[in-house]
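As a plain string of letters, each chain reads:
There are 2 protein chains.
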Amino acid sequence: MRIVVDAMGSDDNPEPDVAGAVMAAREFGETIILVGDQAQIEAELAKHDTAGLSLEIVAASQAVTMRDKPSEVIKSKPNSSIHVGLRLVKDRKANAFVSAGNTGAVLAVAMLRQVGLGRIPGVKRPGMGVIFPIKERPFLIDNGANADCKPEYLLQFGLMGSLYMECMLDIAKPRVGLISNGEEEGKGTTLIKEAGPLLAASGLNYIGNIEPKEFLNGAVHVAVTDGFSGNLLMKTAEAIARYMSETIREEIQANPVTAVGGLLAKPAFGRVRRQLDPHEVGGAPLLGVNGVVIIGHGRSNAFAVKQAVGQARLAVEKNIVKAIAAGIKQ
Amino acid sequence: MRIVVDAMGSDDNPEPDVAGAVMAAREFGETIILVGDQAQIEAELAKHDTAGLSLEIVAASQAVTMRDKPSEVIKSKPNSSIHVGLRLVKDRKANAFVSAGNTGAVLAVAMLRQVGLGRIPGVKRPGMGVIFPIKERPFLIDNGANADCKPEYLLQFGLMGSLYMECMLDIAKPRVGLISNGEEEGKGTTLIKEAGPLLAASGLNYIGNIEPKEFLNGAVHVAVTDGFSGNLLMKTAEAIARYMSETIREEIQANPVTAVGGLLAKPAFGRVRRQLDPHEVGGAPLLGVNGVVIIGHGRSNAFAVKQAVGQARLAVEKNIVKAIAAGIKQ
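The listed protein sequences correspond, in order, to chains A and B.
Numbers in the numbering used here are just positions in the first sequence, counted from 1, shifted up by 790.
Numbers in the numbering used here are just positions in the second sequence, counted from 1, shifted up by 790.
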């Protein structure tokens, strides 16, 4: 298997991206193709022991920054590592593309049929999904690819999310819920009220509207939402988790007795922090494009990049693209 | 001052509602009018020492449950405690209405001109706001009253929220932000992209788009959002805070050393829990209706009901209704 890693992806690129690629090549024994500035990649690779690993470099003369506007990147940076990397997959020279770079740009380029992968026939809008880093590991889709949605998009997000959980994690008939502002039918925006009946009639294992607490307590395997709400849910969860950690630390240190207690309890806090660490899970699959694309967090470290490659590898192995194509066709 | 408390409001009504009313009458020295089932209210009042307190009962023969549909309540329960209580304010027999009951029903009845209070002239949609129970105490509006919004509603939410923070907390020129899925201008749904320029041109101290982390770190005093997103943000925050508390407790108890640490650190956890307790803040003001209405959480205890009455009292004292009427007129 040949997996492309965008060397110019993460906020601190190319260091974590290259280090993660090396880790992945070693752990999975697959060929990793690093795409980006050749000199920089070589300099990073020189820091690692790569003996016996299958690592290749494909040069890309441009790099997309987090500040670049996706709509402009398409035209202004035709030789970016995102373009070059996705083209390798399109031309069947690689099986999957992994990037911790500008999400919007990866999305925009991947969507284009001529340049990127295009959509799987029948897919209205690719959706970005993410496995939430909590105990129950629910899948949230769409997680930010499509701010404005139509009911049919949400139906397809449910379908693609369900197939992903079935394919990747061997969950039979994943439970699917629709994020709303109340569990009762008829709650929600017009979008939600129209998407509910479509999901109910879809043949999916649809349980109806759910609220954030049901998303966290394992009521569903797949939570369907528009990209704006999905992004809001994820970012609120991250922000509150950080806020609570900081507040607990401050309160513990405010008093010598609680400070000693905090010191003794430290390993427990570490375990909680790791549990909520998005790096543990890897990246967000872009479902509905005609190829395997995994988008990592901009703050990805080497471990996170390696995990994203592992996720891409499994998606190729399980042939998620074929499964979605078959599911959408029905 | 005369403040109405819906005795049939909270999930455990009338016990916390009546107990909170007694606490409020004692603490604030104002007249509290309990509306609801006369016999039940009398039975609850008998449990308290009410000597010297100004407490009145106004009978209402119907009660709205949390399961009642707001649209149906308007017609099917014309003598509910919500109807009767709001009519007292409308008829100037009371200054404010406090309920921990069915939010949608309070909203629906309050909105009606003939039965409830109607809107302040010029207000397109009343917005429900809430002071978030974190250190910086930001105000989130709309918090669930309007799932589907138009850009002009968001503009007015910003205006009303700003006036609320100015009036109630003496904050000069409150900083106002618009919740979106990115700080950059042009991020968000069509609704957000259209509301941004309206807020920017409004004369408010508008700082642009914010993400949940900016909402938590004190970047704004007022965060503007549609009711669906506001509700999602609030419920995600509550759910994640609960999830983290439980996970930390489990992890601490999983090992004897960390368990001792947890015991020593317990007071610190208590302080964090109180900090995130919505009961500390009180209720959600319904801004834009022609009168003071405070809606409490269904899970309100007596203390929360008392706090909501305190909030209503301050809103009457500061004449928030007049301030909004003047602000909207401009």
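One or more of the hints may lead you astray.
For chains that are exact copies, the list does not tell them apart, and a pair is met inside one copy or across any two.
To be verified - In silico DSSO-like links for lysine-lysine, alpha-carbon gap of 30 Å or less: (1) Lys-867 to Lys-983; (2) Lys-1056 to Lys-940; (3) Lys-880 to Lys-1119; (4) Lys-977 to Lys-865; (5) Lys-1112 to Lys-963; (6) Lys-983 to Lys-940; (7) Lys-865 to Lys-983; (8) Lys-914 to Lys-1108; (9) Lys-983 to Lys-859; (10) Lys-1056 to Lys-977; (11) Lys-925 to Lys-880; (12) Lys-1003 to Lys-1112; (13) Lys-963 to Lys-925; (14) Lys-977 to Lys-859; (15) Lys-940 to Lys-977; (16) Lys-1003 to Lys-977; (17) Lys-867 to Lys-925.
Note that these hints are calculated values from the structure, not bench results.
These are the hints, each one checked on the structure:
no.: 1; hint: Lys-867 to Lys-983; verdict: between (41 Å within a copy, 26 Å between copies)
no.: 2; hint: Lys-1056 to Lys-940; verdict: neither (46 Å within a copy, 48 Å between copies)
no.: 3; hint: Lys-880 to Lys-1119; verdict: within (21 Å within a copy, 58 Å between copies)
no.: 4; hint: Lys-977 to Lys-865; verdict: between (42 Å within a copy, 20 Å between copies)
no.: 5; hint: Lys-1112 to Lys-963; verdict: within (18 Å within a copy, 56 Å between copies)
no.: 6; hint: Lys-983 to Lys-940; verdict: both (11 Å within a copy, 17 Å between copies)
no.: 7; hint: Lys-865 to Lys-983; verdict: between (38 Å within a copy, 24 Å between copies)
no.: 8; hint: Lys-914 to Lys-1108; verdict: within (23 Å within a copy, 52 Å between copies)
no.: 9; hint: Lys-983 to Lys-859; verdict: between (33 Å within a copy, 16 Å between copies)
no.: 10; hint: Lys-1056 to Lys-977; verdict: neither (42 Å within a copy, 39 Å between copies)
no.: 11; hint: Lys-925 to Lys-880; verdict: neither (36 Å within a copy, 50 Å between copies)
no.: 12; hint: Lys-1003 to Lys-1112; verdict: neither (33 Å within a copy, 38 Å between copies)
no.: 13; hint: Lys-963 to Lys-925; verdict: within (20 Å within a copy, 43 Å between copies)
no.: 14; hint: Lys-977 to Lys-859; verdict: between (35 Å within a copy, 11 Å between copies)
no.: 15; hint: Lys-940 to Lys-977; verdict: both (17 Å within a copy, 18 Å between copies)
no.: 16; hint: Lys-1003 to Lys-977; verdict: both (16 Å within a copy, 27 Å between copies)
no.: 17; hint: Lys-867 to Lys-925; verdict: neither (40 Å within a copy, 44 Å between copies)
In summary, the numbered hints that this structure violates are 2, 10, 11, 12, 17.
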